[in-house]
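Undergrad: Below, each chain spelled out in residue letters.
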Amino acid sequence: MKDPEKPLEAHESDNEKRAEVSRRDFLGTSVVLTAGACVAPILFNKSALASEGAVPGGPISSAVDVTLRVNGTAHALKLEPRVTLLDALREEMQLAGTKKGCDHGQCGACTVLVDGRRTLSCLTLAVMHDGDEITTIEGLAGSDELHPMQAAFIERDAFQCGYCTPGQIMSAVALLREPCGASDDDVRECMSGNICRCGAYPNIVAAVQDVRRSKTT
Amino acid sequence: MPSVGRNIPHDSARGHVTGQSKYVDDLPFARNELIVDFYWSRVAHGRIRSVDTSAAAAIPGVAALFTYKDLPGQNLFGPIIQDELLLAEREVLFIGHPIVVIAADSREAIRLARNAIVVDIEELEPIFTIDAAKKAQWHLGESRTIRRGEVAAAFQEAEEILEGQWRCGGQDHFYLESQAAVAYPGEHDALIVHSSTQNPSEVQEVIAHVLGLPINKVTVVTKRMGGAFGGKECQATHPAAIAALVALKTGRPARIVYNKDDDMQITGGRHPFQNDYRVAFTRDGLITAAAIDFFSDGGAYADLSTSVMGRAMTHADNAYFIPNMEITGTVCRTNFPPNTAFRGFGGPQGVATIENIIEEIALRLGRDPLEIRMKNCYGVDDRNVTPYGQPVTNNTLPRLFTECAERSEYYARRAEVARFNRESKTHLKGIALTAVKFGISFNTKFLNQANALVNVYLDGSVQVSTGATEMGQGVNTKIGQLVADELGVDASTVLVMITSTEKNNNTSATAASSAADLNGGAAVDAARRIRTRMTEVAAGHLAAASEGELTASTADIVFAEGQVYDRRSAGRKLKFRELVKICHLQRVSLGERGFFATRGLEWDPVAYVGTPFRYFTKGCAASEVLIDRFTGMMRVLRSDILMDIGRSINPGIDRGQITGGFIQGMGWLTNEELRYAESGMLLTHSPTTYKIPNIQDVPEVFNVDWIDNATNVVNVAASKAVGEPPLLLAISVWCAIKNALSFVSDGKLDAPATGEEILMRLANQKPETRN
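Listed in order, the protein sequences are those of chains A and B.
Note that our numbering has the first sequence beginning at 1, numbered continuously upward.
Note that our numbering has the second sequence beginning at 218, numbered continuously upward.
Only chain B is shown next, with the shape it has when bound in the complex:
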């Protein structure tokens, strides 16, 4: 039986439930290991007058103290724009900016040393809001524009025009396992670094860059992460590079593990956005033009912000055909920690913006927002090209809208919500059905590549190594299933190995929902090459064994159920492992490196025109909420999710991704609020004050399903990427809150719609400005 399509448990399932799964900080301490931490700026913007480490150096147990002057390589780095200083030199640009690296024998000594370091900083005026950055014209990268049609003319001819501003807050990744790395010194300046990262190759490159080493001297290894969600791409490079610096300079193993409070304070998260929009539409609700200006808060350094903005812009259309559209994107620079990738990567901010606009149009026209959505939905045969020029092929959106409305009994419940709100004096209900169309592929074309190493051993067991990293999303399980089917063996005989730059070089981040697509494609390529060679051997061997009955025919060789046979003589079967032995005796290679590069991608990174995505993952969700009018407390009564995820490689894992992504999106839009002191210091730096969804925040009725669709033949096993898209379906919850509020107010709402925000809106008070 093929493995693909089956609910094979996560390959770490047993380890997870028995406590045997090892994370970076679970590595036993080496005998002479150093603990590493750093002194970070408590000032958001300032000029460093002096740094005095002499008192710290005298503390017993302190092994080393390093500043930027001690870096053997380049201090300046960055994934897209090289604008970031690993260790501050003359200026600090955010709270958390590392200034002095401390290495010591004990945490006690680290703490004492940190208190003994004297850094004199002249405080400068900080910038904490998008408005202030706009005024100061302090940006990261260039503004970009997507433009189609005659926008100005369409507005002139418009029957209806709406304009406004919509804002959303940031989000802390809150991976349970904080940033962590352990660096082991090797011979001749070589280093082995265990890093909790989604991008071992980037960590490797940054370490080599800042230490002045050739990349081949640095090996980065990632077994797994205790959650990542985008926060362990670029943000994982800093701790790893700092630990590597200590290991290189002292010759001792060096471990750094952020405590949760520090992690939340000094690393960036999801970008807050503040978007100005103007939309033209007919009295029937058909959108004729839209102009959206996106402004994000990038933080102090570029990190991935320009790319995140690109995805926001290419998702501003979401599920809707808008014939005349102008979308601009500007990343504002502020004195916060650099914001970075976070599940959805700008897509959620883009999609939420247009979904808010749709709700506003419906309010203006007094119509059901679902009617507006379906009226403007991308067509199957026409009205199906995005503003940046990519056709929406294989469009299941109309079907998803219809089926999701039916399954969720949307129309009946919408009527019931209105009835309830007429009668209840204490509570409000709201309902909304929203869609997602999420582009799959990295927007940056060259990143859409992967390599894989497959080794078959003499007993028929198989090892697979790829650049994919496991953060719970089950990518390794899926890759194992794909390889098992390619070789016709049971998935239990295929082991997906620890991710290491030693085996897979120059890999892309496990990101953009694409890890199974890319690395699965590469692993299948490698396995197929091995199978092709084994097929030759099998054909010859089976023909020879048939004593003249068969002629050797590779086209007739079948690999299935751990056996290999000629379909013309299916009674005579070779065990897979027997064939492996025969191949080995015949000196046929049983290892292979595979490669995959996504075809059909074209993207002009300046003009913002092209086909940046291989396909779209789509979905709809209907959510209903209940709000306490006296406290603002909100509960989600029911959510119905219906997605198009192609042919699922592992339904259990995909269900988990959809459920979890939705809940995480709910957190961003409802519970999770980052609050700062006037100094720019994050106040909500622990779960005490920063509320991620808990088990009681899950919708009371929660139906998760997907349609049967095996037509996505452009991707491995006709599957579709599933990691990020469901997060955007949580926008249905936010829209339901907006719907509820619209019964008693103008319906204006920003995100997150916390209980406090809801209460303020109920009281018709404008909430205080937050970044």
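In isolation and in its complexed conformation, chain A is listed as follows:
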């Protein structure tokens, strides 16, 4: 298991892959739209990238190879190093279940599991997760119809508009393996990073507690 907190360099075995970008540019923008046929050459043609790199502040041109293992499937991708895991999931792998809310790591809508730990996919770069096991809402149930947490969310009406729901559920599933105390207050503390504008909070607590109680009995 790799530490997602480790700096990018620590994960890079091939120095040539590394991005020559300023930190500002690195964090300032996100994924280039790769679905558009017109931009594909910019992304995938390394020689074209080299010349583009001369434009001051122009498109950054250093796509790197990365293999993301998502929901048990390996995806070999070429990504710019500053592409967030969230954008990679949504736009490179068509896994749109993970939502973009604030894109600043403050709302929790983009929560996924990386090696079982909850991670804000908007605050982490895809290239940092080469080889990690990533689980998104789409893969949570595995071969089952629903993960018990998903079933509990339905049973308890623990959502309204549904937009924060994938993130809430991913946090709730991670919580099951965390040293979270038994009380409702403890659950609230452990779920406090996921905001819900519809205010389905009491039902979310109830759903989480249902699953925890069924696991202990």
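Think of the hints as simulated: they come from the structure by calculation, not from any bench.
Worth double-checking, as some hints may not be accurate.
Claimed, not checked - Output of the computed footprint for chain B on chain A, the stretches with three or more beta carbons under 8 Å from beta carbons of chain B:
#1 100-112
#2 154-168
#3 199-207
Fair warning: this is a prediction, and the values are worked out from it, not measured in the lab.
Glycine included, every Cβ here is placed at the ideal spot set by N, Cα and C.
Please arrange chain B on chain A, whose structure you already have, making use of the hints.
TA: Then chain B, alone, in the frame of chain A:
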């Protein structure tokens, strides 16, 4: 078993928990799709000297740049008053005003293009406060007045008079899914636009208007929204129209999704209000007269502000009979983004104003505010006409007050709060029980209409399409239940379809809590017409099959449990789907369009007199708070909500609406504060600095219930609208804070009562003026 009244899960439940529910930005990118954004004014008020896009146009990947000059249709638009320019021309009136539309192959190119656009703006003096707008007499629309009785005389004869000013701040909608639209070009200038909007018909109309197209060329589709709360009525038209412009001009699909910071900065929210009041009352606390002057901050353009003000004014009485009353409303124009609909639509500002007045009266008289409330509560048989002339019928308010006080153990806890405050050196407690009486219907009469399309297919399955849009409130689930019961089938066989202007034309916004009332009514109408035709066929078929035992009698045909039978011979049953097949073979139509128009509404939009509402949704809530005297930090210890929502169509969904609405109201009144830089730029434009309630802000004890009341026969299935009213019950939390502060100060308090505001009041400091 009928579906209505049961806890059927939200129709998107499975999609929501598995990540399969699709929102606009989840649509896969088309091969040649363009990303769209716009350059918006960083100046709140200014004159545009020049716009230079040449450097931006040279950036690789930039496909198109448009200004107002490129609009094929009208730039000027607006839902009530046509005063808004989609793209700024010679003047900018708020930060966020779109000036140049950018379409590009990548977000990177968008970013570079935006930086390369040069707009030279001569800055002009901006107006940022209601006071400044009043002084400059810069208003939106006309001031209006509701007047009843002899106000001046009542003040002359008054035993007690109080006057003051009360202010409340705005609120960002903070829907988790930002504004979004994708426009697909079709043949011969037709467009299909997927929009995250509460009002597809308005988006359709605005697109046609600004693009110079007949409305029928534009189809607007809304699957669902990731929250809306009023923010995706008018404010959704701008991104959709901009994406549509790009699609029309370039012939390529065009997608616009605001990032959260931009969304918060450039779209308006709930109206801040600043209200002057004067109230006359007896020494016993009976209110004899009130004069309230409402002033709202409408922002730069009219949007829905005049209508929002109308609802504030018609809710200034709330649950209380005030025999002599004069209410004026003036929308002030400022250089902020246009404020717009937000759950409650002015009602919260109106109700909070009178609830504050009640607290002030109680403080003056040294009485329990609940006593003042109950003394002035609308009567059941008399003292039951509102200042604008509508009788409060079927009045459950006295019962709600009494039962809510009992269930919450209000009186005992009020005594305990006083004891606690005498003894504690570190903390303060406060308690309050407030009410809501929320008028249901759009104040604007013509909006109270809906149409629906119901299709029955050969296997007995059913599709329903209406103009209602799903934003999590469960309207589609409710409509499905209503149709299922009308046809006597299981709700699982009824599918409520994506909202599209292609199927339902000229629809009203999903707003005013009325979507289930109106669209449910229309869907029931359509289903009933189909059932009537099927009944004829069933009567004939069952009579023929009885071999002379029965004569055909439509009055005896029953549709239930997916079966159809003659009640005189209940043993012989047809499956619903068998009857469908028989109907089809007999060439009987199995599709229908239904229509609903709310009856009994009369409203004079100038004199402000009439019956604007079909009925009232009512409720009470008692809340208790604990305040840390050293930090100002506030926690809600307990809230007890008791409502009259008629006969609930779906108790689970209604419980969610009540709980969520209350929490959202708490946010407006306690946590959420919009702070601006001197330039007028919003500083609190992300959840980092703008605090919506989180899971730990929910009352520690939270009891939600409603009374049994099946008498609201004027509405579909005797239900009542529930979307907005509970938000106003959060005023009990604010009043509890005021109650707590009154133990150590004069009790004066504005909203939001943030920790900072509370601390300032505890220190007897006047908080800085905010807009």
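Undergrad: So, for every hint listed, does it hold in this structure?
TA: Status of the hints after comparison with the structure:
Under a criterion of three residues with beta carbons nearer than 8 Å to beta carbons of chain B, the stated coverage of the segment 100-112 of chain A is upheld, 8 such residues being counted. Here's how the segment 154-168 of chain A fares: 10 of its residues keep a CB closer than 8 Å to some CB of chain B, so the rule of at least three is met and the hint holds. For the segment 199-207 of chain A, the stated coverage by chain B holds: 7 residues have a C-beta nearer than 8 Å to a C-beta of that chain, and at least 3 were required.
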